[in-house]
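Given the structure of chain A, go ahead and fit chain B onto it with the hints provided.
Number of protein chains: 2
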Amino acid sequence: MENGKPSETLRSVPTVKLDAQWVVGFVDGEGCFFVGINPHPEMTSGYQVLPEFTVVQHRRDIQLLYALKTFFGCGVVRRNHGERMAYRVRSLDHLKERIIPFFEKHPLKSKKRIDFIKFRKVLQLMERGAHLKMEGIQKIRVIASTMNTGRERESPAPPETE
Amino acid sequence: MENGKPSETLRSVPTVKLDAQWVVGFVDGEGCFFVGINPHPEMTSGYQVLPEFTVVQHRRDIQLLYALKTFFGCGVVRRNHGERMAYRVRSLDHLKERIIPFFEKHPLKSKKRIDFIKFRKVLQLMERGAHLKMEGIQKIRVIASTMNTGRERESPAPPETE
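Quick mapping for you: the protein sequence lines, in order, are chains A and B.
Here the first sequence is numbered in numbering that gives the first Met the number 0, starting from 0 and rising by one per residue.
Here the second sequence is numbered in numbering that gives the first Met the number 0, starting from 0 and rising by one per residue.
The shape of chain A in the complex, shown without the other chains (with noise of 0.2 Å):
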């Protein structure tokens, strides 16, 4: 589970409602689909698979961290550098129930549309276990290397354990 971690802060901001299309908009400009392949020795592969859809923000305005995590019914918020802090989702049961469906029927309007299509496609090869043999590493490391190809800014928080 990745709620009531006591190194969440601020639960007491006052939450935003948000409309669907806000959201979108919100996440073609602020949103990241990223997939994090960190070497692990207590996996089959030799390798750990991290998909992470996450939304940075500068702290004056986590209160629409807090909203979104509100919105998706999952997610944690974190810091993520400095002032930033970060919506993020790691559980692959959310990113699979909850985010995936969302931008299904939702679609994004900027490029990272295409990096949600490849991010889901990750998850699909995981869901069959490929993720647990070096030749499907191998497959979801070319996938994500052409991932956030447009992106300049964020870069996504140190790996964590949840």
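Accuracy of the hints is not assured; some may be wrong.
Covered stretches of chain A (in silico footprint by chain B; criterion: 3 or more residues with CB under 8 Å from a CB of chain B, positions within the stretch not fixed) [as the list claims (entries may be wrong)]:
(1) 23-29
(2) 57-71
(3) 108-118
Because the hints were derived from the structure by calculation, they are not lab data.
A virtual CB, placed ideally from N, CA and C, is assigned to each residue, including glycine.
The following block gives chain B in isolation, referenced to the frame of chain A:
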């Protein structure tokens, strides 16, 4: 007039249809209300006040900037820095008649709303001729100095004659 300049590029990109809430979400993420104050020997006050509304994007998403231009029915799409393009509205009439009323009707959800309110205040001061006197310039300078404080990324393109 801002329209029809030969330096505007890629006019033939097909236009995406935008929803008002999508525009609010996208501007909450990527928009900027900026007030430039530049020395200008030909102005009575010695300064020129240049309010501008901009949305900057990597050029891979230039079609969204043209979609904003169509949506608001004003502004230009120009190169910003390197690979980044900007949708920009500088015409005082367009700011007052199109941009301000839109965000009054569809409020921003981020703290950028505070920048918007300050921006509107500057336009109101300019309407009363405040920018033509040193005292008014000083007042505008104080407001402008408190804007975009949470912004860490884009700096507006250098001033340019339109």
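Against the structure, the hints come out as follows:
1. For the stretch 23-29 of chain A, the assignment as covered by chain B holds, since 7 residues bring a beta-carbon within under 8 Å of that chain's beta-carbons and 3 suffice.
2. Given as covered by chain B, the stretch 57-71 of chain A passes the check, having 5 residues with a CB less than 8 Å from a CB of that chain where 3 are the minimum.
3. Only residues whose beta carbon comes within less than 8 Å of a beta carbon in chain B count, and the stretch 108-118 of chain A has 3; three or more means the coverage holds.
Violated hints for the displayed structure: none, as all numbered hints are satisfied.
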